[in-house]
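**Q** From first to last, the protein sequence lines are chains A and B.
Per the working numbering, residue 57 is the first one in the first sequence, and the count goes up by one each step.
Per the working numbering, residue 632 is the first one in the second sequence, and the count goes up by one each step.
Since the hints were derived computationally from the structure, they do not count as laboratory data.
C-beta: ideal position from N, C-alpha, C; glycine also.
Don't take every hint at face value.
If you anchor each label on the Cβ, the simulated ranges turn out as follows [claimed, not checked]:
#1 Glu64(A) x Ile1011(B): 22 to 28 angstroms
#2 Glu217(A) x His653(B): 54 to 60 angstroms
#3 Gln1083(B) x Gln181(A): 41 to 47 angstroms
#4 Glu1074(B) x Lys94(A): 56 to 62 angstroms
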Amino acid sequence: MEFHYQHENQEHHIQLEPSGNGSYTALIGDKTYKVEVKRLQSGYMMLLINGKRLHAYTTTSRNAQTGLQKRHVALVDREARLYELAKPQASNRRKTVSAGSGSLTAQMPGQVTQVLVNEGDSVTQGQPLMLLEAMKMEIRLTAPQEGRVTRLFVKQGDTVERGQQLAEVESE
Amino acid sequence: MFNKILIANRGEIAARITRACHELGIYVVAVFSDADANALHTRLADEAVYIGGPTPADSYLRGDRLIAAALETGCEAIHPGFGFLSESPEFAQAVTDAGLIFIGPSADTIYKMGIKTEARSIMQAAGVPVVPGFQSDDATDADFQDAADKIGYPVMVKAAGGGGGKGIRIVHQQADLLDSIAAARREAQNAFGDSTVFLEKYIDRGRHIEFQVLADKFGSTVHLFERECSIQRRHQKIIEETPSPFLNEQTRQKMGQAAVAAAQAVHYVNAGTVEFIVAETGEFYFLEMNTRLQVEHPITELVTGVDIVKMQIQIAVGERLPFTQADLSQRGHAIECRVYAEDPSNNFLPAIGPVLRTIEPAGPGVRVDAGVVSGDEVTIYYDPMIAKLIVYAESRPDAIRKMDWALAQYVILGLTTNLQFLRDVILHPAFVMGETSTHFIDEFLTPWHPPQAALPDEALIVAALSDLLIPAGQPTLQSIEENGDGDLYSPWGRADSFRMGQPI
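With the hints as constraints, model all of the structure from the sequences given.
**A** Okay, structure coming up:
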């Protein structure tokens, strides 16, 4: 899937796709990187990028006034290098499961392991609607707002593509 | 030993004192303002007492509330730290009057050292060299001219009631003296309502070198050698080191003896610092005495092996110094850098906000005295210092290398800091050569710009990977509190029968 960031007024794009066993393929411009996640814990990760080791710390912040989200990254080898990447608002909406429209889409390819609601059910904000398994991880899809489940587009066992619509929740 | 003390301070130094107390088995009562309810020093203490609003005048400077808090919580003593009320003779007296022990010198000593002309005459009487000068209420123009000739140009014309740089003139030749005196008088009259001026020798490119002293209640006084504090920005020290690369052994001995004499002249008890100005010729003069713990005390601790804060407490309890001057020596080299939330490329303007993540360097000879760690906030109300980074190594070049490594490894996410600037200072050829002066930053590093580097692809990969794997965000400060189950992908959150060590 694609991610967009801003760094010092420049747009940057990266495409990141899982390639199994905790590995990913990253595409930046015309460059391709093989990324292996060796360790991942509370804001720290150790990666092998094309076989080269990288330690990194990362966290996010959100400006309460502007709503601007930033991702802060520290790359640490012989010296720490710090970067602040702004997340353009549009791609935030696309990436975040529970943001806004009432329409729920799969944020990564995977399989529906469980559907927890039926069409017509009333749901509260944050209530889990279904469970997806992707990249050996379980992801909960939650209701973005209080309302009624008007449509379910998938059933248990279905394989879904990234961006595929899964359900619709309309506020009453 | 005390059972419980109150620390009338905040931030890094309150945390430092708290740790010393806990080591000695003493319970600690912290005080906090509205801005510090969750601050590190409040969290570390055994008890914490709210003392008022975020402005210092409404909290950390409220001696009455501090003393009341100490009495209510059953404390036996108050440690003032530095800044705030640490050099207030009224506060020291009020603490004593309340039946508590003030961990510091007597109110009388603090008072005497706080008045520059008084301190100057006490030191002169004790044979401690003071900057040559001339002061007389009924001096004629001719008297001033004679005196200036005797002192030797350049001389400084200073307002007796002055401060803040007002009423000061630097005069390089006799022809300008009388005009400068008249101008200084006018300025002093306007600013302080007192036109009295005096003359002092102007020490150009002087170095600020200070000596740490310790004195117990039984008259035993020692010095713990010098600290060189010449690297300053906006008249505030940012890098200190010991030993001074400038002093030879003979001058060091003489200055140490002068520092001890200065302390004894006012019957000093507890830890204090005697500040000297040292001319390029090697002559040194008493400037002032700081009657408290200094920010930069750790470098002295590292080269002498003496824990100054613990000594302060032991002296206040009434213990004898466990060593004499002959037992003390400097070994190796220590440097301290003050890590600030500030922008060195923009006039060192403070940076305010939450500190999202700190990763402190660690290793042999690396010490971090932090007041702000991951999750804490730098507010507009107090000094924006995040931490003091102190290194100790066998030699000065070795210590510079270690400091460079430690600064390079220090990760602070969320705020602009001076980490890169500090690296540029200590790696500057002039600093490496030991050519430090109070003009250093103006001369060599103004203006300063952070190195510009293009965004490396690795940073994009880390960002995207994090956003992919943790879509809700590595919990931000707010979401940690608001959202108990922030980690969507924890194996412990799985609803299946997954168990550690069981066949899947």
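**Q** Take the hints in turn and mark each one as holding or not.
**A** So, going through the hints one by one against the coordinates:
A hinted range of 22 to 28 angstroms for the beta carbons of Glu64(A) and Ile1011(B) is consistent with their spacing of about 26 angstroms. Checked against the given bound of 54 to 60 angstroms, the beta carbons of Glu217(A) and His653(B), roughly 58 angstroms apart, stay inside it. One distance hint, 41 to 47 angstroms for the beta-carbon pair Gln1083(B) and Gln181(A), holds here, with the actual separation near 44 angstroms. For the hinted restraint 56 to 62 angstroms between Glu1074(B) and Lys94(A), the CB-CB distance of approximately 47 angstroms leaves it violated.
Checked against the numbered hints listed earlier, the structure breaks hint 4 alone; every other hint is satisfied.
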